[in-house]
Amino acid sequence: MSGTDASRRRFLAGTAAAAAGLAVAPGVLLMPLAQARRAGEPASSDVRWGLLVDTTRCSDGCDACVRACKEENGWEGVGRPKTDAQWIRKVKVRDPRTGHTQSLPLMCQHCKHPPCVDVCPTGASMKRADGIVLVDKHICIGCRYCMMACPYSARSFVHEDVRDQREHAPRGKGTVESCTLCVHRVDAGRVPACVEACAAEGGGALVFGDLKDPSSEISRRLAAHGAEEIRADLGLDTGVRYYGI
Amino acid sequence: MRGVMAKTGRVLALLALVALGAMARPVAAEVPKPKLPPAKGEKCVEPTEVMRRKHMDYLLHQRDDTLRRGIRGGKYSLRECLECHVTAQAGQPLPTYGSPDHFCSACHQYAAVQIDCFSCHRDRPEQPAAGQARAPASGDGLTGPAIPVRTLKVLGPAEEKR
Amino acid sequence: MKPHVHFREIEGRSPGYYALLGLLGLLVGAGLVSALYMEIEGHWVTGMNNRIVWGTPHVFAVFLIVAASGALNVASIASVFGRLQYKPLAPLSGLLAIALLVGGLAVLVLDLGRPDRLIVAMTHYNFKSIFAWNIFLYTGFMAIVAAYLWTMMDRMGRPYSKPVGLLAFVWRLILTTGTGSIFGWLVARQAYDAAIMAPMFIVFSFAYGLAIFLLVLLAAYGWTGRPLGEGLLRRLKNLLGIFVAASLYFVTVYHLTNLYAAEHTGVERFILLEGGIYTALFWLGQVVAGYLLPMAIVFSPLGRSRGWIATAAGLVVLGGLAQMYVTIIGGQAYPLILFPGKEVSSSFFDGVVADYAPSLPEVLLGVGGIAIALLAVAVAVRVLRFLPEDLRDELVEAQAAAGGGDGSGTAGGERSGGAAPEAAAAPGSAG
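Chains as they are written, first to last, in my numbering: chain D, 735 to 979; chain E, 171 to 332; chain P, 2 to 432.
Here chain D stands alone, though its shape is the one from the complex (with noise of 0.2 Å):
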């Protein structure tokens, strides 16, 4: 196995040379930063992985980073729209008293203190060391107690059978799913899905990165810009920022 990994480790290094100083989209550059973790070792407490939307980049008629996640996670629904599973959405904002709309894509947030992890009762829901907050459906039992707390909707119950699963994506029938930050790409060093999608197809709005590292682009824009929470009241702290909004 340690073969594999120094040879993806030679690949990583030399896509990422290839890669530097492409432009993906108008202003937006891909920056080498990072490999992936090794094998071996778990994800560690040093880093939170965070997403940063800048919702002015944001259009309203641009899905492309739903389409994305939908293609990478394998979620395409079977045409009921009210039992099919959304890990990503797109939510239109619009002011009453101005007018004044946008659009932001709104998935799993992340939390540092997950309401959805603290009722659960088997400990199905979970909080990676690395703040990706995940359902363990090894040990879900279906009981929907987290998307009762979820102050987000970000999370889906799967309501029949599902088949053609992605690989790296199993999902199932009568168990509880969201957003996973495209775990198993942040494992292998590279990006979720719809920050990829967004960087080529849509406005450049996402960011993704290291909270915990100050050097690292999200950390930097948010120091310099700021960015809100959704429902900043409730204290919890999340992984996914809004700009913008």
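These are calculated hints, taken from the structure and not from any lab test.
Certain hints may be false.
[What the hints assert, rightly or not] In silico DSSO-like links for lysine-lysine, alpha-carbon gap of 30 Å or less: (1) P:Lys343 x D:Lys826; (2) D:Lys804 x P:Lys343; (3) D:Lys861 x E:Lys245; (4) D:Lys846 x D:Lys804; (5) E:Lys245 x D:Lys804.
Assemble the complex: chain D is given as a structure, and chains E and P must be docked to it using the hints.
Same frame as chain D, now just chains E and P:
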């Protein structure tokens, strides 16, 4: 209607559980040897004899390591098992769990073992779409157009001018 | 010989009894088949969806669990508060408490997404979760009430009756607090985020538990033809009226408090005025049928008739189901507030009232839970001595005056035989 029988059985077992407070679990004292489809590769991740007896322990251990602790690249990955063990046979589509040609169900049907893993996990490797590298978006495959970055850097106005 | 209240199994050989068992068995069966259907097809065949995640089964389950703790009140009044007239009713009260809890839990479990993983729920615990505490509160409740029944029904246990009764009483208060807190601690939801939920659920439990107790008592004595004193019934129905009034009081305070906080006026307007079915269920179901009519009945001359007492109790049960529907489903139907003061819309039904319509399998499963509880009671009173043979007022009063407990001749005391002749003698000596 794949697996309805199996599921009916499972739920009936559950009802029995609610009623009796005990669950009957099939116990295979002796591991049987049905005819198994051929595997890719030279050898298994452990000696064949050991795998027969202990594959469940490896799998169950690794799944917690991977999911809860984020440890990747362990050798008992369910995905990797299927990569080697579920292979196409002369012009036929890949078998699905429940068919006697599927590596895992061949044995489990024989031994009357019920597992629910494949209600979530894909039961066969993803086929490469025509003319495309396999699993473009997958993390571990790393064959697609990877963007190996921890951070997407967005240029400030000054940098953009350069 | 001193007057005694004697406990005896019901005869249970009449066609009526078998018809009752058959009917209840049929309902239990329908409930189980519905659960099976929901598990095989997946929950899309029910009314639930990703916005209303707890549906009709939870309405029944939570109602039964809340009523279970309330059903124990009659026993507590006797042993903890020393009102000895209630003592002869204590065994039935404990039995009903366990049976209702079992019925409620069965519904809850069968509505899980993965009921086949029940074993996981018993081996993995997250101690921050109220749900996980509740697993212990429920199992503990059953164990304690079972022990309590033993102290009442077996001579060996009798010395422990008082402390175990006290423990059961305290436990049931904690249990309902836990059930209320399942909702009360959900900060995200406008309708639930309130500390008053827990005490309010306790008061509800008093009313619901006593209503079911009264219905079962009237049915058991009516159908077996055993005498049941007017005085006893009068006390019970007055108590029901008081509990119902207390429920109304708590509901009023809850809504007034919410109306006062600007943050919650939206959800209040929804439940009280604009919520369609939820508004109708609140006013007509919970308030009129659940509070006003029962109070009018029990506190008026109508309350002297057994038929009307049963009607009042039945209305309290219906009102209770309406209350649970409004609390559980209405509370979820009202949209989450993501951006206060803004309008939101999305493909996931943000910003709009979610729809929900109960489906047949869900209703059958819920009714099946009630049937499980009643079936358990019907069988238990046939095989064990839960019901006093004769509950005429003179007998009950005389026994209470004589110190209740010791002379109560509870079931175990008669077990050595001769129950029948003694029982036959008892009415005579009382008269």
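### Message
Given the hinted pair Lys861 of chain D and Lys245 of chain E, is their Cα-Cα distance within 30 Å?
### Response
holds (24 Å)
Taken at face value, is the distance from the CA of Lys826 of chain D to the CA of Lys343 of chain P at most 30 Å?
-> Roughly 10 Å between the alpha carbons, so the hint for Lys343 of chain P and Lys826 of chain D holds.
Tell me if the straight-line CA distance from Lys245 of chain E to Lys804 of chain D falls inside 30 Å.
holds (28 Å)
Holds or violated: Lys846 of chain D with Lys804 of chain D, Cα cutoff 30 Å?
With a Cα-Cα distance of about 25 Å, the restraint between Lys846 of chain D and Lys804 of chain D holds, given a limit of 30 Å.
### Straight-line alpha-carbon gap Lys804 of chain D to Lys343 of chain P, limit 30 Å
holds (28 Å)
Checked against the numbered hints above, the structure breaks none of them.
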